[in-house]
Amino acid sequence: MVEMVSRPYARAFEAFAAGNPDILCLSADLTSSCEIDGFRDRHPDQFVSLGMAEQNMMSFAGGLGLAGFRPFLHTFGVFMYRRPYDQLIASIAYPRRKVRLMGFLPGVTTPGGMTHQAIEDIAVMRSIPNMTILETGDATEVESICAAADSVDGPVWCRVLRGSVPRLFDTPIRLGEMRVLAAGTDVLVVTSGICTEEAMRARAALAKAGVSIRHLHLHTIKPFDAAALLDHIGSVKHGVVTLENHVTEGGVGSLVAETMADAGIGKRLIRLGLKDSFAHGGSRPYLMRYYGLDALALVRGIADLTGAAFDITEEDLAAARVDEVHSLVKAEAL
Amino acid sequence: MTPAELRRIANRIRRRDVQAVFEAGAGHIGGEMSVIDLLTCLYFHELSVDPADPLDPERDRLILSKGHTALALYIVLSEKGFIPKQEISTFLGHRSRLNGHPNRVYVPGVETNTGPLGHGLPVGVGMAKAAKLDRRSWRTFVITGDGEMQEGSNWEAIMTAAQFRLDNLTLIIDHNRLQQGASLADTNELAPFAPKLAAFGWHVEEIDGHDPAGICRAVSRATGTPDKPKCIVAHTNKGHGISFMSDNVAWHHKVPNVEQYEQAMAELAEAAE
Ligand SMILES: Cc1ncc(C[n+]2csc(CCOP(=O)(O)OP(=O)(O)O)c2C)c(N)n1
Ligand SMILES: [Mg+2]
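For the record, the sequence lines run as chains Z and D. Read left to right, the first sequence gives residues 39 to 372 (our numbering). Read left to right, the second sequence gives residues 60 to 332 (our numbering).
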C-alpha cells in the first residue's frame, strides 16, 4: 500500500524557509493553490504578495536576487514562464540570480485545460543557459526540493506536486544524480515526475511476463549525468523507453535521444508522452490514459520495443493509488 | 427585453450555475455569480449574434477574459441556443466540450480561448481594429475581472485602444473588489478604476453591475464618445445573490456542500418570485 502524504510542500517549505531572512516567499495570487497560505499567515515578514502580475514578479525577483535575497516564486507552472519569459531570461537566467521557480500543476495534473497545462516547460528550460531543472515524483522529493533548489548558485526551475502525493522514495533529492529503481537487463525505462509512479505500477506485471526492466527516475533533468545513462543503456538488451508528463519534444525523451545520438548508440528508443499535441481538459487519470502517459501506455511501448505481445490489463497492474475525492479537494482543484 | 425579463433569465442562469458547480464538484462560483447579470444583458439585449450562424462575419464579438468563469458563459450560450441546454450537465466531464476554461475550437459562440488572465483585452483590441480596417460596424466587448487588471498586458492594450480611437470597443470590468486569495485592496489596489481609464483617454461609465437597466444603458451604442474606447466599471459582488457567498473571498472556487447547495438554491428560488 502506498503512503499518501497530504500537502507535503506546505510543511516542507515552511520548515525550510521560516526564520531564514534571506529567503522570501513570493506569490502571484495563487497562495492557497500553491500551499503557502499557512506560511503567509505565520510568517508575514517573509511573504510578498504580488497579485496577478507574473512579468512584474519575475523581474522583481531579479531585483531581490541582485541584492542577495533568494526568492521562491510560487504560481502555476504555466504562468511562471509563458508570459514572463523575457523577464526570466534577462532578469534572472543571464545574471544567474538565485531565484527558485516553484511551478505547480505540471503537465496534465491540472484540470484547467490547454491554457493551464505546462506541457513544454522542460523543453524551454533545457534550452536556457544557466538554468537548473528539478522535477518531483513523490512526497519525499517534494519535501526535499527546497533544500536541493536552494543549494544551486543560479536559477532553478522546479515542477512541484501538490495536494495528496504518494511516497515512493526514502531518500531526498541528491542534485545531479538519478535514482536506479530496478536493475534489469532487457529494457531501460527512464521516467520523471508522476510518470515514475506509473512505471512502478507496471513493473511487477512486466516481470511476471518475463521482461527484465531497468528503471531510472530523474529528479534532476539539468544538469544531467550522460555517462551514467550511457552505462545503463549498455546494460540492457533491447533499448530504451521514456515516459514523461510533457511533450516528447525537448523533454526527457529528447534528453535521452540526444545522449544516445551523441554517443553513437544504435539501440532503439521509444519516447512516450504528449505527441505534438495540446491536451484536452479533464481529470489526471483520464488524461494520462487518453494521451498515453500511464502504466498501460508504458506496457504497450515495451511490447513495441521487444516485439513481445503481453496480455497485461489494468487489473494486472499494481493498485493505483486512490485520489481523495470530496468537495474540499475539488475546491482546491484550480 | 425589459429589465424584469432580464432579471428572470439571470436568476435562472444563476441556479443552473450553482447546480452545475455542485454536480461537477468544481467551478468558480463567486466570479460566476458576479458576472451573470452582465452576460445576460449583453446576450439577451445588446449583442447581435446568431446561434444558427455563430461565425457570421457581421456578428458582435464578446470575449470573456476572466475565463475561469466559463461555466456562466456556457449557460448563457445554452440559453441562447448556441449549445444544447442538456449539455451543461457534462461540464468538466471526460471528453466534454465544456472545459474549465472556454475553448473556441469546441464551443460555438466562444470567440477566443481565455484562462490565462490578461489575455482577452489585447485580443479584443486587435478585433476592434480589424473591424475599423474593414470598415465594418460590428462591435467588440471584453469582460475582465478586477484582479485581472493587475496584469500589465491589459494596460498595454488600454494604451493601444485609445491610440487607435477604437470607439467600437467596450471593456467591462467586473469590479467585485476580490481576487483569488484576498481583496484587491490587500494585494495591488487598482480602485478607483474610472480615473485611471479616463487618464488613458477612454470614455468611462460607472454602473451597478447587477442592475439590468443600468447595464443595458451603459453598453448601448448611444452611450459613449466618438473616437474613444469605452470602459464600463461594473460594481458587483462576488457570489451575488447568495447571502453566505456574497462578498466573501472564500467562495472564489469553493464548492458548496449539500446544505449550502440547498440554501443557495432556496435563496435564488425565492428571489425569482
Ligand atoms: C495569468 C494568470 N495568473 C493567475 C491565474 C489564476 N487565477 C485564476 S482566477 C484568479 C483570480 C481572478 O480574480 P478576478 O480577476 O478579480 O476575477 P473574479 O473576482 O471575477 O473571479 C487567479 C489568480 C490565471 N488564471 N492566470
Ligand atoms: Mg474580482
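These are computed hints drawn from the structure, not numbers from a lab. Glycine included, every Cβ here is placed at the ideal spot set by N, Cα and C. Incorrect hints may have been included.
Stated by the list, open to error - If you want a taste of the chain Z side facing chain D, the calculated C-beta under 7 Å gives, among others:
(1) 69
(2) 70
(3) 81
(4) 82
(5) 83
(6) 89
(7) 90
(8) 149
(9) 153
(10) 315
(11) 316
(12) 317
(13) 319
(14) 320
(15) 323
Tested hints:
1. 69: 4 Å, holds
2. 70: 6 Å, holds
3. 81: 16 Å, violated
4. 82: Because about 11 Å separates residue 82(Z) from the closest Cβ in chain D, which is outside the 7 Å limit, the hint is violated.
5. 83: For residue 83(Z), the interface hint is violated, since the closest Cβ of chain D sits about 16 Å away, which is over 7 Å.
6. 89: 4 Å, holds
7. 90: 4 Å, holds
8. 149: 6 Å, holds
9. 153: Result: holds, 3 Å to nearest chain D Cβ.
10. 315: 13 Å, violated
11. 316: With a closest approach of 9 Å, the residue 316(Z) hint is violated.
12. 317: 10 Å, violated
13. 319: 3 Å, holds
14. 320: Check passed: Cβ of residue 320(Z) comes within 5 Å of chain D, closer than 7 Å.
15. 323: 10 Å, violated
Of the hints listed earlier, those the structure fails to meet are numbers 3, 4, 5, 10, 11, 12 and 15, in rising order.
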